[in-house]
Every structure is written in structure tokens, then in C-alpha cells.
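S.K.: Given the coordinates of chain A, work out where chain B should sit on it, guided by the hints.
2 protein chains.
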Amino acid sequence: MAVYTDVSPEQLEAFLSTYDLGRLRAFKGIAEGVENSNFLLQTEAGSFILTLYEKRVNPADLPFFIGLMQHLAARGIDCPQPVKNREGVALGTLAGRPALIATFLYGTSVRRPSVANCAALGTALAGLHRAGADFTASSRVNALSVPGWRPLYEQAKDRADTVAPGLSALIADELSVLEPAWPSGLPAGVIHADLFPDNVFFTGEELTGLIDFYFACNDLLAYDVAICLNAWCFEPDGAYNQTKGRALLAAYRTVRPLSDQEIAALPMLCRGAALRFLLTRLVDWLNVPPGALVRPHDPKEYLRKLRFHRSVTSPADYGVAS
Amino acid sequence: MAVYTDVSPEQLEAFLSTYDLGRLRAFKGIAEGVENSNFLLQTEAGSFILTLYEKRVNPADLPFFIGLMQHLAARGIDCPQPVKNREGVALGTLAGRPALIATFLYGTSVRRPSVANCAALGTALAGLHRAGADFTASSRVNALSVPGWRPLYEQAKDRADTVAPGLSALIADELSVLEPAWPSGLPAGVIHADLFPDNVFFTGEELTGLIDFYFACNDLLAYDVAICLNAWCFEPDGAYNQTKGRALLAAYRTVRPLSDQEIAALPMLCRGAALRFLLTRLVDWLNVPPGALVRPHDPKEYLRKLRFHRSVTSPADYGVAS
Chain A
0 MAVYTDVSPE QLEAFLSTYD LGRLRAFKGI AEGVENSNFL LQTEAGSFIL TLYEKRVNPA
60 DLPFFIGLMQ HLAARGIDCP QPVKNREGVA LGTLAGRPAL IATFLYGTSV RRPSVANCAA
120 LGTALAGLHR AGADFTASSR VNALSVPGWR PLYEQAKDRA DTVAPGLSAL IADELSVLEP
180 AWPSGLPAGV IHADLFPDNV FFTGEELTGL IDFYFACNDL LAYDVAICLN AWCFEPDGAY
240 NQTKGRALLA AYRTVRPLSD QEIAALPMLC RGAALRFLLT RLVDWLNVPP GALVRPHDPK
300 EYLRKLRFHR SVTSPADYGV AS
Chain B
0 MAVYTDVSPE QLEAFLSTYD LGRLRAFKGI AEGVENSNFL LQTEAGSFIL TLYEKRVNPA
60 DLPFFIGLMQ HLAARGIDCP QPVKNREGVA LGTLAGRPAL IATFLYGTSV RRPSVANCAA
120 LGTALAGLHR AGADFTASSR VNALSVPGWR PLYEQAKDRA DTVAPGLSAL IADELSVLEP
180 AWPSGLPAGV IHADLFPDNV FFTGEELTGL IDFYFACNDL LAYDVAICLN AWCFEPDGAY
240 NQTKGRALLA AYRTVRPLSD QEIAALPMLC RGAALRFLLT RLVDWLNVPP GALVRPHDPK
300 EYLRKLRFHR SVTSPADYGV AS
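Chains A and B, in that order, give the protein sequences. Position 133 (the first sequence) corresponds to 132 in numbering that gives the first Met the number 0; numbering is contiguous. Position 233 (the second sequence) corresponds to 232 in numbering that gives the first Met the number 0; numbering is contiguous.
The shape of chain A in the complex, shown without the other chains (with noise of 0.2 Å):
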């Protein structure tokens, strides 16, 4: 649920006069995306999605974001195109926020993801991955990568054992293993870095759009694979699903070879996902304002995902093929 800004019929009219889509002919507030306000805006040229971003997006990581947007776009990965304006550029300001319209994607995320599913993102992923190799115009790090733990650990420590008895030391645990031996010297470019399923989008099995790259940044490759295989091959009961994990790496690897050394990155990329996401929902589910319009994300689904990766004795357990 995501309107924060209001916008309003005057504010929105000069904003679109200096595009070229025609004439207004509705304008929506949506409930998608948290970080930032999203609205379905008709014209006589289409149908797009205007984002305005709100304080929890960097306005120095915007024309990164947008830059790598354009680039996919123009590569054939379908991701919303930014729309520029009559003078080509694509970031405007709209109601004294950042604002940027980009071309709509048809289709619904799914919530439990298929086999078929899981192959079709294996697919994408790995086409991301290479038609961001080139983009080399601007480049952001991974804010939220092994350096940015401790500091979220720090701030959620004192209170992490009222989410779950011993979580405060199984997280210690988990960063004083992680913090030396993350791998290193891997194929890295840009990666999504959020790529669950609800920034997927699907027509029947057909995958149709990838949205949302908020957290793109330059990171390993393998840790974009290993952030899915979070995001897609867990069962609702806990259990990791290898027929779905087989199907995402195999179809992955008919795209983008994965190296041996990636291979054995996996147990620990995966253990660094589930933690990524066990520190800041642990964060957000602590500081939730009086208030909020969004209600945060179970901390304990990492917890549990995490688990399970400190059991895994080889990258086989993924359903790596050998």
C-alpha cells in the first residue's frame, strides 16, 4: 500500500505538459511498492506507472536506477522503460518530489511460485545478468552487503531475542562466520538484489516483467542467484524445495554458465541472503511507527530460511546439478 504524496490535478497537469503522451485520461493511486508513491497514469499514448520517490530512496542513487533501467529496456529485458520528456530526460520533479514515468507492464505476481515459475525467473535472472554487463555508465554499491550487517545487527540486538530466544546470538554467530570467509573474485556486475516474487510479473506461466530496482547495485552475480533461491524455493511450511532450486539453477546456467568457484559460493551466498534479510526485516519489525500504513515482513521466515542454509553440507542441496 504505497500513496504517500499527494498529488494534485493542477500539480499533475504541468507535470505531464512537458511530455509528449497526449491528453490525461485517468489517474490512480496504487498499493505497490513500499519505498516510494506509485500511480496508474492513462493517456491518449498508453498506459504507464508514475513513481514518486519518497525519503527512503537516495535522489544521488536515482539516475543510477534509471540509467540501468533504459539500458535493460533498450537490451530487450522487459523492465518499466523510463519515459523522457520533450527535452530527453527522464527524472522530473513532481509535487517536491523526484518523480519519473515509465512504460506499464502487463501481467501478476504469482505468490507461490511453480516449478515452471522458478525456471522462467532462473531465465530472467541470468538475462538481467548479462545485459547489465555493459552498463557501465554509473554504478552503486550494496548498501545492504556484508558491511551494512554489523550496523543493523547493532541496532536490533539489544531487542532481537523478543522476535525469537537466541536470535541475538545466532545472528553473532552467523556475522562472525560470514565477515571473513565471504567469497571474493567472483563474476560481479549489477545485480536486481530484490528479485522475490512480487517484483515478477507472469501471463499464465510466460514471465512478462521484472520490476522495482530499488536495491539494484554492483555486487557478485552468484548472490543475486542466491537471493532468489531465498525469495523462490521455500515451501510456506519452512522446507526448501530442491525441484524448484534444480529448476532456477538449471535454467539459469542455460543463459549464464555459473563457474565452479560459484557453485561452491553457494551455501555461504545463500546463509549472507538469508541474513541480508533477516537483519532488516529484524529492523523494520522492531521500529514499526505508530501508524504505519505498511505492515512489515516476518523476521522469523529468514530465521528459518538461515537454518536450514547452516545445515547445508554441499552445493548439491540446492539441486545443483554436478
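One should not assume that every hint holds.
No copy labels: a pair is met if it fits in one copy or bridges any two.
[Said to hold, decoys possible] No farther apart than 30 Å at their CA atoms in a straight line, the calculated lysine-lysine pairs in the DSS-like style are these:
# : residue 1 : residue 2
1 : Lys54     : Lys27
2 : Lys156    : Lys27
3 : Lys83     : Lys54
4 : Lys27     : Lys83
5 : Lys54     : Lys156
6 : Lys27     : Lys299
7 : Lys299    : Lys156
8 : Lys83     : Lys156
Calculated from the structure, these hints are not laboratory results.
M.R.: Same frame as chain A, but now just chain B:
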């Protein structure tokens, strides 16, 4: 901002399978309507609004609302047209709620109506009253007409003065004037009863749609006119704009004449309409639940309007041409 009920992809797919609307193309919660959950639904057959009726709507009223929209749409009124499923039934059940698919109306609402907007509204309102004249399949008492006001006052009177000094006594005075003197015998029929600017769509200056019929009921037609004079013809500074009132009334009368009795009753009807919205806003204002998703409207806006109506000495003050 209104998405109160979560709809899973599986629930949506099962629901849509009972309609002839082709494959799903997009589905997004939208921030429109306060009482119900609304979703943009796009299928191969076009764009629709899916509404789930939440607790504030009495299910027993739904056949009236839906029958009325069908009736009006069949008579060329630009309102949402209920879509029937394969069994010829419009009202269904989705996610445990009564649910309706209706056609999507293009256009956007204005926030500061122009004189031309007020004239277009007057024409549309009279057209609505004419088209509703033969809607006799069912009827609905106006729960928010005179008999409904004192119970609202009883809920609010002890804390009313926290909103504005002297408010409790002023409402008591209004009730003592309006209850015995409320007009009777005027032309009655189906009224919208909530035709505020956010329920009316325009494309440019052309009125393209009327929405949100969930306060519609049988009542005095001129009371609907009074509600619209209140909602459309005051300026943000609280002043009544007689030019807008004149435009609204003149346009209305070109489609449906107002009798001398209706014109004579306008000051009393406008006072009543102002009191009705003052009372409901006051009760909502005093009873905002913690963590509410919806910010209540300011009751003081209608206190100012009520004070204006108390100063009116003749229907001519509203811009009625003699």
C-alpha cells in the same frame, strides 16, 4: 487509500473463471474509495474496477446499488456498469467479501471545480435524477436524512466543543430548527447523495463519469442539489461562489425544471446537507481508530458552510435566477 482485503492470485483466478473476460493481464490495488477495497483489473476484454464490499456497506443494500448502476448505465448515464458472470449474475463473492466487477471509467476528478465544471455537474445531476425516475425495482431509505442526524449528534455532543468552541450548542440549535421544518411533498426519487468532486470524472471540461453510488437512496431530488451546492460551490477560503452556484442550478434546470417549492426550500435543504456532512465528519473525527489508514475529513469545513447557510435570506443568494 483503500485496500482492506488481500486477494490471492488463486482466489482471483477462480473468481475470474466464472466470467467471460478472457485472460488476466494486470491486477493492482488502487487508492480510491474509503468504504471498500478497489482494484484495477485488466483482462483481454478491457479495463475494469473490482470492488470488494467491506464492513461499512450493508450487504442487504447491494442489490439496490447494483440494480441502480445497471439501470442508469442502460439509460446512457456514464457510471460504472456492473459486469455479469456467465450465469447472468453481477454480484459475486471473492476473498470472503461480496464482490463486483464494473466497467472502468476514464477521466480524473477535479479538486477545485471551475464554473464550467459546476455547470457540467448540474447537467449530469439532473440527468441522473431523470434516468433514476423509473428505477422502481428496489428502494433504499436515506439513513443519513433528518431522522439519522440526532443519533449522530448524541454520539458527538460531549466532545464536539473540542473541535470548535460552541459547536455542540450550534448543532442542537440546528436540529431544533430543521427537524420540525424539513420540507415534505417535494419531488422525490433516486439521489446520489454523495456527489462530491472526487466522485465525478472529467476529461478536459467534459464530464465523463459518475462513480461511488454507495450512499444512493430515495429522497428529495432537491436535497441532492443542495448536497452538490455545498460540495462544489464553496471556495477554499470558505466563501460561497454565487457564479458557480448559478452555473450549477441553471444547467440543472435545463434538464430537469425545479418547482417553485423546490427553489423556496433550497436554503433549508442546504442547511440540512451541511449539517449532515458536519455530523458524519464530526463523528469520524472524534473516533479515528489508532493506526487508521484513512485520515478523516475536517468537520470544520462544513461548520463554515453551515454558518453561511444560516446567513442566507433568500434562494437568490445561491444564484437561482428568478
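S.K.: Evaluate each hint against the coordinates.
M.R.: Hint check:
1. Lys54 with Lys27: For Lys54 and Lys27, both the intra-copy (21 Å) and inter-copy (23 Å) Cα distances are at most 30 Å.
2. Lys156 with Lys27: neither (41 Å within a copy, 37 Å between copies)
3. Lys83 with Lys54: Answer is within; shortest intra-copy Cα gap is 23 Å, inter-copy 43 Å.
4. Lys27 with Lys83: Answer is both: 21 Å inside a copy and 25 Å across each meet the 30 Å cutoff.
5. Lys54 with Lys156: within (25 Å within a copy, 40 Å between copies)
6. Lys27 with Lys299: between (34 Å within a copy, 28 Å between copies)
7. Lys299 with Lys156: within (15 Å within a copy, 47 Å between copies)
8. Lys83 with Lys156: Neither way: Lys83 and Lys156 sit 45 Å apart in one copy and 55 Å across, limit 30 Å.
Going down the numbered hints, you'll see the structure goes against 2 and 8, while the others check out.
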